[in-house]
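Chains A and B supply the protein sequences, listed in that same order.
Numbering-wise (our numbering), the first sequence opens with residue 1 and increments by one.
Numbering-wise (our numbering), the second sequence opens with residue 1001 and increments by one.
Source of the hints: derived by calculation from the structure; they are not laboratory data.
Any given hint could be a false lead.
[Stated by the list, open to error] Taking lysine-lysine pairs in the DSSO-like style, the calculated list, with each CA pair at most 30 angstroms apart, reads: (1) B:1124 with A:7; (2) B:1170 with A:74; (3) B:1113 with A:3; (4) A:124 with B:1127; (5) B:1170 with A:186; (6) A:176 with B:1086; (7) A:74 with B:1007; (8) B:1108 with A:7; (9) A:170 with B:1074; (10) A:62 with B:1007; (11) B:1180 with A:86; (12) B:1124 with A:74; (13) B:1003 with A:146; (14) B:1086 with A:3; (15) B:1176 with A:86; (16) A:127 with B:1127; (17) A:188 with B:1074; (18) B:1062 with A:127; (19) A:187 with B:1074; (20) A:180 with B:1074; (21) B:1176 with A:180; (22) A:186 with B:1113; (23) A:86 with B:1188; (24) A:108 with B:1007; (25) B:1187 with A:86; (26) A:3 with B:1176; (27) A:186 with B:1086.
[Unchecked claim] Stretch-level coverage of chain A by chain B, calculated; a stretch enters the list once three of its residues show a Cβ under 8 angstroms from a Cβ in chain B: (28) 13-24; (29) 53-67; (30) 79-93; (31) 131-137; (32) 140-149; (33) 156-169.
Source: prediction; values computed, not measured.
Cβ coordinates follow ideal geometry from the N, Cα and C atoms, glycine included.
Protein chains: 2
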Amino acid sequence: MSKILWKPGTMIYPLPAVMVSCGATPDEFNIVTVSWTGTICTDPPMCYISLRPSRYSYGIIKRNGEYVINLTTKALAFATDWCGVKSGADHNKFTEMNLTPVPGEIVKAPLIKESPVNIECIVKEIKVLGSHHMFISEVVAVNAEKELFDERTGAFRLFSADPICYTHGKYYETGKLIGKFGFSVKKKKV
Amino acid sequence: MSKILWKPGTMIYPLPAVMVSCGATPDEFNIVTVSWTGTICTDPPMCYISLRPSRYSYGIIKRNGEYVINLTTKALAFATDWCGVKSGADHNKFTEMNLTPVPGEIVKAPLIKESPVNIECIVKEIKVLGSHHMFISEVVAVNAEKELFDERTGAFRLFSADPICYTHGKYYETGKLIGKFGFSVKKKKV
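Given these sequences and hints, build the entire structure.
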């Protein structure tokens, strides 16, 4: 193996490609897809999204101080891409993608019903970085699809929802299971 | 579809599981695996990792103000898990996992030679959040495996390195390609 030195860039992958829903009233509801997202703290549960100020959703989220992160799946791949390319200034994304806004538990922003996991977030700070501003947020509620809980064990099987990831400009399905966290130190059963 | 309200938690997935290498001298070199990582700004390229202060690497990164994010693959899955479970206080992780530290371009922290992409980072701010502190960082160099560049087109094919992701406690391979960014609006060729 030998390496080529590349210019500094954004090369952390695979990433999620989440649909962020926002707006306090139906006429304001919008969706923007982002991969600049992740968990920043376990306790309290905190996460972020980074957005360009030119995005239509930027003003909506800044104004309301809240949004919802909706995980995406193979079935939602087309809508995921489309909501990242098109602007809410020109389109009603819920209507055009046949997505259903449903009320959240805490925030006014709608959950996307067709997504298996909806994470309700409240903005704590907006950090101006450069092309993107980071919305540092607290997770205030998580809504998870009932059918994905194992009836016997109660375990949540996100894999069964066919989650997708975004890697260097392309969307991929999730592949084969390699192992659980800690598999490298697990003692084999005799 | 119907939803169950869950307690607030860390449910953004799939995520990368990166090996973070740190240390300014060979006796200080260490590796810690994190999934609380991502891109926070495109221009300038910025990223973060979040760590518990109790992690052995926390002090090393705080002291030196720099680290390297090494992307992980199917071939590195065992080492990825092991470096997330074990502590550098008790183990020389490079030696025990047969990983090779090689000099970076800008930072003193070593690159992991066996990783296909090494992202050199300089810490700009440490944000105390709760269980985890976020290292807000600037990407100062990216080193990418030569063999992954397409000879004809020059395109970088990260997929060929078998990148892995971490989803709700489990490691998975990357699956089938769904489409490129923008596929939902691409006109079909006649």
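Hints, one by one, checked against the model:
1. B:1124 with A:7: At roughly 19 angstroms apart (the allowed maximum being 30 angstroms), residue 7 (chain A) and residue 1124 (chain B) satisfy the hint.
2. B:1170 with A:74: Given that 30 angstroms is the threshold and the Cα spacing comes to 19 angstroms, the pair holds.
3. B:1113 with A:3: Holds, at roughly 8 angstroms.
4. A:124 with B:1127: Distance ~13 angstroms between residue 124 (chain A) and residue 1127 (chain B) Cα, so the pair holds.
5. B:1170 with A:186: holds, 14 angstroms
6. A:176 with B:1086: With a Cα-Cα distance of about 25 angstroms, the restraint between residue 176 (chain A) and residue 1086 (chain B) holds, given a limit of 30 angstroms.
7. A:74 with B:1007: holds, 26 angstroms
8. B:1108 with A:7: Roughly 18 angstroms separates the two Cα atoms, so the pair holds.
9. A:170 with B:1074: holds, 19 angstroms
10. A:62 with B:1007: The given pair, whose Cα atoms are some 25 angstroms apart, holds under the 30 angstroms limit.
11. B:1180 with A:86: The hint holds at about 15 angstroms.
12. B:1124 with A:74: At roughly 37 angstroms apart (the allowed maximum being 30 angstroms), residue 74 (chain A) and residue 1124 (chain B) break the hint.
13. B:1003 with A:146: With Cα atoms ~5 angstroms apart, residue 1003 (chain B) and residue 146 (chain A) stay inside 30 angstroms; holds.
14. B:1086 with A:3: With a Cα-Cα distance of about 28 angstroms, the restraint between residue 1086 (chain B) and residue 3 (chain A) holds, given a limit of 30 angstroms.
15. B:1176 with A:86: holds, 25 angstroms
16. A:127 with B:1127: holds, 12 angstroms
17. A:188 with B:1074: holds, 21 angstroms
18. B:1062 with A:127: Status holds; Cα separation ~21 angstroms.
19. A:187 with B:1074: It holds: about 21 angstroms lies between the C-alpha atoms, which stays within 30 angstroms.
20. A:180 with B:1074: holds, 14 angstroms
21. B:1176 with A:180: Holds, at about 21 angstroms.
22. A:186 with B:1113: With Cα atoms ~27 angstroms apart, residue 186 (chain A) and residue 1113 (chain B) stay inside 30 angstroms; holds.
23. A:86 with B:1188: Roughly 18 angstroms between the alpha carbons, so the hint for residue 86 (chain A) and residue 1188 (chain B) holds.
24. A:108 with B:1007: holds, 18 angstroms
25. B:1187 with A:86: holds, 15 angstroms
26. A:3 with B:1176: holds, 27 angstroms
27. A:186 with B:1086: With a Cα-Cα distance of about 12 angstroms, the restraint between residue 186 (chain A) and residue 1086 (chain B) holds, given a limit of 30 angstroms.
28. 13-24: holds (count 5)
29. 53-67: Violated - the stretch 53-67 of chain A has 0 residues with a Cβ nearer than 8 angstroms to chain B, which falls short of three.
30. 79-93: Three-residue rule met by the stretch 79-93 of chain A, so holds; n is 6.
31. 131-137: Holds: 4 residues of the stretch 131-137 of chain A have a Cβ under 8 angstroms from chain B.
32. 140-149: holds (count 9)
33. 156-169: holds (count 10)
The earlier numbered hints that this structure contradicts are 12, 29.
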